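**Student:** With the hints as a guide, dock the two chains, each given alone in a separate frame, to form the complex.
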Amino acid sequence: MTTSGAKSGANPPAWVKSARQLERERRLRRTGRRSASVATASTVLFLAVVIGVVVSSPGWPRVRETFFSAGRFSDAFPDVLRGFWLNAEIFLIAEPLILCLGLLVALARSLTGPVFFPIRALAVGYTDVFRGIPTILLVYLVGFGVPALNLRGAPSDPAVLGGAALVLSYGAYVAEVFRAGIDSVHPSQRAAARSLGLSHAQSLRFVVLPQAVRRVVPPLLNDFASLQKDTALVAVLGPLEALRQAQIHSADTFNYTPYLAAAVLFIALTVPLARFTDHLAARAERRRAPGGGT
Amino acid sequence: MTETPALLRMENVWKTYHSQPVLRGIDLDVAPHEVVCLIGASGSGKSTLLRCVNLLETVDDGAIYLDGAELTEVGADADRARRRIGMVFQSYNLFPHMSVLDNITLAPIRVHRTPRATAVAQAKELLERFDLADKAQEYPDRLSGGQQQRVAIVRALATRPSLMLLDEVTSALDPELVTEVLSIIRELKESGMTMVLATHEMGFARDIADTVCFLDDGVLLETGPAEQIFTEPREPRTREFLQRVLEARRI
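Which chain is which? The protein sequence lines are W and R, in order.
Note that full-length UniProt numbering has the first sequence beginning at 1, numbered continuously upward.
Note that full-length UniProt numbering has the second sequence beginning at 1, numbered continuously upward.
Simulated from the structure, these hints should not be mistaken for laboratory data.
Just so you know, these numbers come straight off a predicted model, no measurement behind them.
Even for Gly, the Cβ is constructed at its ideal location relative to N, Cα and C.
Treat the hints with care, as some may be off.
[To be verified] Not close to chain W: a few residues of chain R, all C-beta gaps over 12 Å, as computed: (1) Pro5; (2) Glu57; (3) Ala78; (4) Thr114; (5) Ala117; (6) Asp134; (7) Glu176; (8) Ile184; (9) Asp207.
[To be verified] Among chain R residues calculated to face chain W with C-beta under 7 Å, some are: (10) Trp14; (11) Asp61; (12) Val74.
The following block holds chain R by itself, in its conformation from the complex (with noise of 0.2 Å):
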């Protein structure tokens, strides 16, 4: 893809529920400071091929490299690959039982052996920059969905990952929500954030990918340059895919 040694790689991942095949042989590679979005209808695999990454799931067959080291290997620890990877869910999944900050501080203090104080002060620096300085006392239940999504993102960015996987996250909130939270990972992009995101935010897609990928059926029919596949996608079911959304976004 790039000169550069990828950063994430998958080498022909499968993936299958109760003998459903959900993943069918991805080969991805993803480039240092490269952000990847994948596009695909639900249940296309692309919210599964996050979570392998992530080693939420293990992969049934192939491999998956991170910084070239086997994220996949037979007694890998996986808690030692998922610190250098943040991720963040469509449901947000923070923790009801902790304020902001302990939800932002938990990793930070427990994982990375940060002390405290200075856990505490990146945790507000990161709220501060983010808009949400005043809520870092707050319950997560007794905030907007578009605050808790942005708390989720800060979660995630607090222990300084090298790679974040973002999971629809911007589908259970309205439209004005949508916005606050995609600028904040527009500026993720700004700094330089290797980012993998499953999104239906075609706009937004094609506005911040560098490449996008069309998966269909857990097969990753389509990579390329994000004007690419949406001006001249090659593959025919790309073009009726974006068609589709296209339509449905006339309505």
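So that you can see chain W by itself, here it is in the shape it has in the complex (with noise of 0.2 Å):
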């Protein structure tokens, strides 16, 4: 809301706090203290117990040794990191792809018109096919059953190949998710769009997806935090990532501790992009409060 230009002589009178609201402001600060004591008190009871049951369980001792031993993980600690730069590797470059496969995907299926039959089922045999099969199954497809076609130029590198699968599946889903935004851009949109002698083509670019991208944004964030995850299936074509590292290691030792080293590491990425993610959508539910955007 904006206020007229005209500053009016309607004598503004200028804004001193009175004594009722400065008693509500420190009623409010008294509340507000009150549930955050008992939020606080809560949270630590709550961990206590956690602990406490976790601790006193008779198997304590031996999970102690074979899961969190702080010698096997400062051992671990150097191989699994340096692993775990080609997961990062490996889901640096699939979200990039996966972005444009998806969002192809997605406008291929939006295509209207007979014309664009055999395109519009492409793409749905697509995300039907795809999206259908289990990551890891497809991770073994991939991984295996291209370099045994033996073509020229294929790549064998079984990184390339399991960031392929990935791609593969999660463009099926990303492209869904994107798909779902199109059509949540309200019909009135596109016929406004429409009405100023915009394209279809040009309507999707500059009125509907402008709008389908903003609110898809949390779910895809949502899926790159679980693909994150997934470059950890790679692991099963052998090449030495995080978790084939983490393997590796407690097989000399039999203890699980790099497992744990891994697992420190995967949380390490996903909490900052989950964080983000609540930032992006803290930030919209701002915009689309009144008196704000302002």
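**Tutor:** Put into structure tokens, the structure is as follows:
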């Protein structure tokens, strides 16, 4: 809401907080403090109970030795970290490809007219097939199937093949996310764009997609987080990524702590992404609230 | 204002958005069965005032009382207050995924715990009264603007509120549809409903309002009986505003 330019001869009174407001704010602060301390107390209590139950369980000394061994952790960590870079690389290269593939497939599905039937059918077939296959199965199929074809120029690096499998699998998911976003834009928006003389493609490009993409950013980031973890599936093809490194270390010593090291690394990457998602969602919420946007 | 205690009372209400004051010390009393019209330019704070009464906005200072109970008190239950207030929005705000009947019976059934059969019967009665009986099963997107706004009014009425807030309910409608909505509001007045309306329809305001309030840049500049405000406004700003509106009308 904007105030009209006229700054009025309405003798604008300056705002001095009244006694009532000061009292109200004091009470708000007090209830705020009270609920904050209740929240803190209950959190601490909850954690104490959980830790107490775990630590007092009969198997805890064994578990501590095999899963939480500090020595093993620091032994394995450098190798696992080196492996983790490969995970990060797969993720960073696969993600843009997935976005492009997903968007293209979603757009292909939104094409109207009988001319485009083959493209539309192809897009539908792609999402049906690749969403249906469990990702780990797809990693096997691509990772062992493509080299077996003995095609000249086909990649044989397991990391590349694994990454390709992930792109195919996640591309199908992301395509559906995009399509949901495009469908969620009210038809009146398209009508307004077409009425201005924009073509089908132009109204998609300038009016529908910008709104759709903004809406699907949170679910897309959710898929990113999922992809980050699933880069570990590439381990079944043998490249030395984080999970594989952890497997090697734990096989040496019959100690599972290296897995913990890998888990810590994955968490360290997903948590910032989750906070970033929250931040975007909160910003979108603020913009829609009245008085926002200014 | 009158001998009867006010149904709605606003005392020194302030509201700021991003350190931009939108309401600046509003004092307003609304007696039972009184119809108050808020007039003023766009952005003068009419909508914000109504949203504050319905607690859709938290006030930055001052207090609002409904029937003597303070709505703005810390820890007061906003939902309880809202149960007694009906609100109608400029852009209808009907729920597009529900039929007209479901839109209307949602609050009676879920909030007021009216048995479904009773709620449906009451909704149908209201729809009948406002000439919408055949639209009960339609979805909002398939109705005309005037019909949608009438449904929105019925939805607000279905909970039997003691106060109705109407926020420029005819602004999005063409003149023909305006009359059908205005006639409903007139009927509400005759049934004794207490109402606060923000409106740009000066003729209608003059016709229906017991009291007219002129808002200017967040200040309640002038309050008085409709006749007085429209024929001999005291404030020069009010006169200026009405002049402008009159000129616009002539064009």
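**Student:** Could you run down the list of hints and mark each one as holding or not?
**Tutor:** Checked hints:
no., hint, in the structure
1, Pro5, "holds (20 Å)"
2, Glu57, "violated (7 Å)"
3, Ala78, "holds (14 Å)"
4, Thr114, "holds (31 Å)"
5, Ala117, "holds (34 Å)"
6, Asp134, "holds (25 Å)"
7, Glu176, "holds (21 Å)"
8, Ile184, "holds (26 Å)"
9, Asp207, "holds (26 Å)"
10, Trp14, "holds (6 Å)"
11, Asp61, "holds (4 Å)"
12, Val74, "holds (4 Å)"
The earlier numbered hint that this structure contradicts is number 2, and it is the only one.
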